[in-house]
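Student: What follows is each chain in one-letter form.
Number of protein chains: 2
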Amino acid sequence: MYIGIDIGGTGIQMGIVNEMGSVLNKYEIKTNKELSFEEQLNKIVDAIYHMLDMSCYSISDIHAIGAGVPGLIDLTTGYILKCTNIGWFNVPFKSRLEEQMNCSVYIDNDANAAALAESIAGSSHGFATSVMMTLGTGIGSGIIIDGKIWRGSHCIGSELGHIILVADGIPCSCGNKGCLERYCSASAIIRMAREELLHRPESMIIESAGSFDKINAQIIIDCAKQNDPVATDIFQQYVHYLSMAVANVINLLDPDIIVLGGGVSNAGSYLLNAVQSSVTDFVVNKSSAIPKIAIASLGSEAGIIGAAMLGRKISV
Amino acid sequence: MYIGIDIGGTGIQMGIVNEMGSVLNKYEIKTNKELSFEEQLNKIVDAIYHMLDMSCYSISDIHAIGAGVPGLIDLTTGYILKCTNIGWFNVPFKSRLEEQMNCSVYIDNDANAAALAESIAGSSHGFATSVMMTLGTGIGSGIIIDGKIWRGSHCIGSELGHIILVADGIPCSCGNKGCLERYCSASAIIRMAREELLHRPESMIIESAGSFDKINAQIIIDCAKQNDPVATDIFQQYVHYLSMAVANVINLLDPDIIVLGGGVSNAGSYLLNAVQSSVTDFVVNKSSAIPKIAIASLGSEAGIIGAAMLGRKISV
Chain A
1 MYIGIDIGGT GIQMGIVNEM GSVLNKYEIK TNKELSFEEQ LNKIVDAIYH MLDMSCYSIS
61 DIHAIGAGVP GLIDLTTGYI LKCTNIGWFN VPFKSRLEEQ MNCSVYIDND ANAAALAESI
121 AGSSHGFATS VMMTLGTGIG SGIIIDGKIW RGSHCIGSEL GHIILVADGI PCSCGNKGCL
181 ERYCSASAII RMAREELLHR PESMIIESAG SFDKINAQII IDCAKQNDPV ATDIFQQYVH
241 YLSMAVANVI NLLDPDIIVL GGGVSNAGSY LLNAVQSSVT DFVVNKSSAI PKIAIASLGS
301 EAGIIGAAML GRKISV
Chain B
1001 MYIGIDIGGT GIQMGIVNEM GSVLNKYEIK TNKELSFEEQ LNKIVDAIYH MLDMSCYSIS
1061 DIHAIGAGVP GLIDLTTGYI LKCTNIGWFN VPFKSRLEEQ MNCSVYIDND ANAAALAESI
1121 AGSSHGFATS VMMTLGTGIG SGIIIDGKIW RGSHCIGSEL GHIILVADGI PCSCGNKGCL
1181 ERYCSASAII RMAREELLHR PESMIIESAG SFDKINAQII IDCAKQNDPV ATDIFQQYVH
1241 YLSMAVANVI NLLDPDIIVL GGGVSNAGSY LLNAVQSSVT DFVVNKSSAI PKIAIASLGS
1301 EAGIIGAAML GRKISV
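Protein chains in written order, with the working numbering: chain A, 1 to 316; chain B, 1001 to 1316.
Honestly, the hints are just simulated from the structure, not real lab data.
Since the model is a prediction, treat every value here as computed from it, not as a measurement.
C-beta atoms are modelled at their ideal positions from N, C-alpha and C, and glycine is treated no differently.
Don't take every hint at face value.
What the hints assert, rightly or not - Covered stretches of chain B, going by a simulated chain A footprint (3 or more residues, C-beta under 8 Å):
no. : stretch
1   : 1144-1157
2   : 1253-1261
3   : 1286-1295
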């Protein structure tokens, strides 16, 4: 058995996960940025023991603990260098949790963990090489090559969200301009909607949302599904950019499969069909088969499963 | 010993290459698109025997023959599906040359071969993971992962030149718009110069070239080196895009090293220094070390060496 911990800005989810990537027990605590690292760590340790108590397992049944962190990690030292969402900077997460639990601990970026989870127990299961794009507030991405997380040579890769798609385009939170994330994330479709609605307020989007400020990706896509012309145009504009992003991955890496996860992927086959039909326009070698494109299947459990499997992959 | 054949639109270069990637003998014949495939193949066979005769080796010393082709290849069948430069479409190159030479033949895309050559005997020697960009009329690229050519799952990857860098940008010969090749190739810097010179004809570029039509990348860069203000602006504009392209590779793949080859790379350290100082602006994780960037060192022999080493890599 393995324990996976998915550290997020609002909650810390954890689960007991078997070798196949199935979650057997789950537990969640709230994230509290007010607490010091040691206080937060103690809460995580207490929660792990509480979860074990509720299950039929003890810590001696646990082969390894893994944690997925939305931030920058030093894999060699096990330090979390920067995790803004929880207020951790340069904290010795791996060594401190190992001391407290007397169990091996593995940490990685949460996007890498999600990609690993999908490749072990989700949509990319059975495919050696996959790329996962998490279409949320930003864009997370993970690359799996021959079943293993591809971390690059300096652990600075897999940042698909910050590949430049529109040179000198919209300013990004990272300091650059025209990053893919500014055109393909949930935030991007909301921006597109707000821009479009200024000129076309007749859309059902604002009424569905209640107010201009409450527009979200799901509402826009739901309105597009109901054939609202404005929402349909916004969705097509979004798919245009997302298809370019997917095609960029194909033209460079050509993996077996590309998995779309995150909030926007809740649109399911409506999104998938649109991307599949548009992506071939941007693939340069049109005569060959292209990678499969799929919607992620593990939902919010991907973080727990992937974190748990960090220990399995490294220890095997 | 190995034989490498570099098939190009104007000439077919070949060489006898040792296990370390050193070229011991070379020979070249002209490409003649008027000839049928079988006639052209016979000329290649004759040239191989002629080269062997001139050397101290015989065909029995040759472990394998490799060919780099500027076109689309089916690696499983050994057919060259499309090689416009030489007029070959769907020809059984591998099997026919094997029959004629009674020796194993390996074929691959010429950009993959060049990347392999640099990783065995050139600038990326000693680095497990590298990406080579050939900055010529177009942009060729090859990815080496753990010492081996990365071909992707459907042999349609490594097309860095056709990643979209400027969504809905300048139309590309591939049918898409805004491909990286339109902003980072030798053709791109010539286009930038022609556009700029319409407004700023005082530049020394036109005089150096003799006429507007004879402007090439080397002349533009030579004028920039001599501090011609217009040429300097054009060069900086080019470096701006090329640095984004290099950063895209870093942000996604994070290889050990990125090698710049092709005609534009003849600018040497003048280009390298400019790219190195600009690329960090576009790398998202600025706190870590980044991949090394280098100029290719094998020049026009890369094609022969890489082709020869196709057999070494596969047969080892």
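Student: Checking C-beta pairs, does the stretch 1144-1157 of chain B have three or more residues closer than 8 Å to chain A?
Tutor: holds (count 9)
Student: Count the residues of the stretch 1253-1261 of chain B whose Cβ falls closer than 8 Å to any Cβ of chain A, and tell me whether that reaches three.
Tutor: holds (count 4)
Student: Can you take a look at whether the stretch 1286-1295 of chain B is actually covered by chain A? Rule is 3+ residues, C-beta closer than 8 Å.
Tutor: Three-residue rule met by the stretch 1286-1295 of chain B, so holds; n is 5.
Violation of the numbered hints given earlier is absent; every hint is satisfied by the structure.
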